[in-house]
Amino acid sequence: MKTLILVDGHNLLFRMFYGMREAVIGVDGKSVHGAAGFIGGICSIINALHPTHMVVLFDSEECGDRRQINPEYKANRPDYSKMTEEECPFTQLPYIYRCLSVMGVAYSEVHGCEADDMIAAYALKYTGAADMMVGIVSTDKDYYQLISDNVWVINCGRGRVDYVTPDTVRAKYNIPPSLFADFKCLIGDKSDNITGAVGIGPKYAAELLVRFGSLDAIIERRAEIERPSHRRSIEEAAHRLLENRRLILLDGHADLPFTIDEAALPRLRWVSPSRVLADAGVL
Numbered sequence: 001m002k003t004l005i006l007v008d009g010h011n012l013l014f015r016m017f018y019g020m021r022e023a024v025i026g027v028d029g030k031s032v033h034g035a036a037g038f039i040g041g042i043c044s045i046i047n048a049l050h051p052t053h054m055v056v057l058f059d060s061e062e063c064g065d066r067r068q069i070n071p072e073y074k075a076n077r078p079d080y081s082k083m084t085e086e087e088c089p090f091t092q093l094p095y096i097y098r099c100l101s102v103m104g105v106a107y108s109e110v111h112g113c114e115a116d117d118m119i120a121a122y123a124l125k126y127t128g129a130a131d132m133m134v135g136i137v138s139t140d141k142d143y144y145q146l147i148s149d150n151v152w153v154i155n156c157g158r159g160r161v162d163y164v165t166p167d168t169v170r171a172k173y174n175i176p177p178s179l180f181a182d183f184k185c186l187i188g189d190k191s192d193n194i195t196g197a198v199g200i201g202p203k204y205a206a207e208l209l210v211r212f213g214s215l216d217a218i219i220e221r222r223a224e225i226e227r228p229s230h231r232r233s234i235e236e237a238a239h240r241l242l243e244n245r246r247l248i249l250l251d252g253h254a255d256l257p258f259t260i261d262e263a264a265l266p267r268l269r270w271v272s273p274s275r276v277l278a279d280a281g282v283l
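Numbering of the sequence shown is given in the working numbering, commencing with residue 1 and proceeding in unit increments.
Since the hints were made in silico from the structure, they are not lab data.
Note that this is a predicted model, so its numbers are computed, not measured.
Quick reminder that beta carbons are idealized off the backbone N, C-alpha and C, glycines included.
Incorrect hints may appear among the rest.
[As the list claims (entries may be wrong)] Here are the computed distance ranges between Cβ atoms for each label pair:
1. 170 to 69: 26 to 32 Å
2. 139 to 69: 22 to 28 Å
3. 1 to 108: 24 to 30 Å
[Claimed, not checked] The list that follows gives simulated cross-link-like pairs (lysine-lysine, DSBU-like), each with its CA atoms no further than 30 Å apart:
4. 74 to 203
5. 82 to 190
6. 190 to 203
7. 172 to 125
8. 141 to 172
9. 141 to 203
10. 141 to 125
11. 2 to 172
Work the whole structure out from these sequences, hints included.
Take a look at the structure:
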């Protein structure tokens with residue numbers, strides 16, 4: 001069976017840049033610890049799963065059209081342009097790009113939408129292929145809405161590779177992945193500055209979705225919600241909840257930068273991060 005690995009580039013970069021404690025100094029005398037951790041993660045995935053295809057996608061400064069939907073979307077994020085070179089994770093990108101080129105891994109910076117949208121487009125296009133498994137490398141729970149029998153979310157770090165499957169989502173949230181976008185609409189997402197319905201926590205949001213079947217049904221049948229405070233919360237937040245869906249839903253409509261053939265990986269039995277960094281002239 002073929003395996004397509006889709007990597008949320010900035011998610012992995014931020015985890016490695018802020019998570020690695022040891023300083024790694026490159027040939028130019030600058031710290032390359034974020035790049036070293038990033039390539040270590042990529043190598044862990046390749047060595048563990050032996051994927052046949054891989055695409056790494058990086059966000060640009062744009063948020064697609066989501067800021068037009070809600071100007072407060074991701075407005076809580078730091079302004080990296082005001083950081084010093086040592087503080088800014090984006091200074092690691094040139095090193096990462098060189099390493100990915102050496103490895104023969106397809107990568108691209110996303111414009112006109114977010115990396116999430118393009119990853120969703122790949123996942124939804126190829127999840128129906130009988131001979132293709134899709135793995136999404138990210139800790140961003142937005143991708144849980146894409147999980148199916150053929151699409152898993154993968155978390156890699158320091159030699160470990162963990163998987164989020166449909167059973168994982170059901171066990172943790174008491175809902176199937178197909179309801180996860182509506183679930184996040186109800187509870188909000190602080191990391192993206194998205195506000196949910198006041199007083200509706202994860203447990204009750206799951207109960208509502210199981211009972212009514214969808215966010216639309218919850219709003220349409222809100223008169224059936226017994227507790228007045230919960231009923232009032234859905235009533236007052238109805239417009240915002242539907243707006244949240246436009247921010248959270250990954251519909252898979254983005255254009256793809258690479259064909260599946262262009263995303264094919266060289267046949268590599270085992271990849272050494274230190275060798276890749278050296279061959280790319282980073283270490």
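How the hints compare with the structure:
no. : hint                  : result
1   : 170 to 69: 26 to 32 Å : holds (30 Å)
2   : 139 to 69: 22 to 28 Å : holds (24 Å)
3   : 1 to 108: 24 to 30 Å  : holds (25 Å)
4   : 74 to 203             : holds (25 Å)
5   : 82 to 190             : holds (23 Å)
6   : 190 to 203            : holds (17 Å)
7   : 172 to 125            : holds (27 Å)
8   : 141 to 172            : holds (12 Å)
9   : 141 to 203            : holds (17 Å)
10  : 141 to 125            : holds (20 Å)
11  : 2 to 172              : holds (29 Å)
Checked against the numbered hints given earlier, the structure satisfies every one of them.
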